[in-house]
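A.B. asks: Could you build the full structure based on these sequences and the hints that come with them?
Numbering (the UniProt record's numbering), first residue to last: 1 to 115.
Honestly, the hints are just simulated from the structure, not real lab data. These figures come from a predicted structure and were not determined experimentally. Don't take every hint at face value.
[Said to hold, decoys possible] Here are the in silico distance ranges between beta carbons for each label pair:
#	residue 1	residue 2	range
1	Lys-52	Ile-21	25 to 33 Å
2	His-84	Lys-41	21 to 29 Å
3	Ala-40	Ala-13	35 to 43 Å
4	Lys-41	Gly-91	32 to 40 Å
5	Gln-110	Phe-29	30 to 38 Å
6	Asn-73	Ala-115	32 to 40 Å
[To be verified] Dumping the calculated EDC-like pairs for lysine to aspartate or glutamate here, alpha-carbon to alpha-carbon at most 16 Å:
#	residue 1	residue 2
7	Lys-42	Glu-86
8	Lys-39	Asp-4
9	Lys-42	Asp-97
Each residue gets a CB set at the ideal place from its N, CA and C atoms; glycine is no exception.
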Amino acid sequence: MTNDSPFTNQVPAQQLMRIPIAHGEGCYFVDPSTLNQLKAKKQILWTYVNDKGEPTELSNPNGSVENVAGVCNEARNVAGLMPHPERASEGILGCTDGVLIFKSMIHTLQQRVAA
1 MTNDSPFTNQ
11 VPAQQLMRIP
21 IAHGEGCYFV
31 DPSTLNQLKA
41 KKQILWTYVN
51 DKGEPTELSN
61 PNGSVENVAG
71 VCNEARNVAG
81 LMPHPERASE
91 GILGCTDGVL
101 IFKSMIHTLQ
111 QRVAA
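C.D. replies: See the structure below:
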C-alpha cells in the first residue's frame with residue numbers, strides 16, 4: 001500500500017489495514033502493460049495481503065491480478081476498491097481501520113480549501 005495519495009495519506013507507513021470485503025464475483029484484471037503502468041505511476045493503492053503483509057494466493061479472496069484491491073486514476077483524485085472501509089469505521093463493527101481512508105480524504109479536502 002502507498003500512503004501518499006488523497007485516500008491513504010493518514011495511514012501510517014507500513015500499516016496493515018483490516019477492511020472487510022463483501023463481494024462474490026469481483027476480481028480486478030488488467031493486461032500486463034497496464035499493470036506495469038499502474039505500478040510505475042504508483043496507482044495501486046491497496047493490495048490483499050496476509051497478516052505479515054505478504055501478498056499471497058490465500059490472502060487474495062477473488063483472484064485479482066497480483067492481489068490488487070484498489071487503484072486510483074493517473075490524476076490521483078478518483079479511487080476504486082473492492083474492500084468496504086465503511087464496514088470498518090466504528091469500534092462496534094469490530095475494526096476502525098477504514099476510518100483512516102475517510103480521514104485521508106478529509107485531510108486532502110481541508111488542504112485544498114486552505115490553499
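A.B. asks: Would you mind marking each hint as holding or not holding in the structure?
C.D. replies: We went through each hint and held it up to the structure:
Checked against the given bound of 25 to 33 Å, the beta carbons of Lys-52 and Ile-21, roughly 19 Å apart, lie outside it. For the hinted restraint 21 to 29 Å between His-84 and Lys-41, the CB-CB distance of approximately 25 Å keeps it satisfied. The hinted window of 35 to 43 Å between Ala-40 and Ala-13 is violated, with their beta carbons roughly 20 Å apart. Between Lys-41 and Gly-91, the C-beta spacing of about 36 Å keeps the proposed range 32 to 40 Å intact.
Restraint check, Gln-110 to Phe-29: a C-beta distance of roughly 35 Å satisfies the suggested window 30 to 38 Å. Taking 32 to 40 Å as the suggested C-beta distance range, the pair Asn-73 and Ala-115 does not conform, at roughly 21 Å. With a CA separation close to 24 Å, the supplied pair Lys-42 and Glu-86 exceeds the 16 Å bound. In summary, the hint linking Lys-39 to Asp-4 is supported, as the alpha carbons are separated by about 14 Å, within the 16 Å threshold.
Distance restraint check for Lys-42 and Asp-97: the Cα-Cα separation of roughly 22 Å exceeds the 16 Å cut-off, and the hinted pair is therefore not satisfied.
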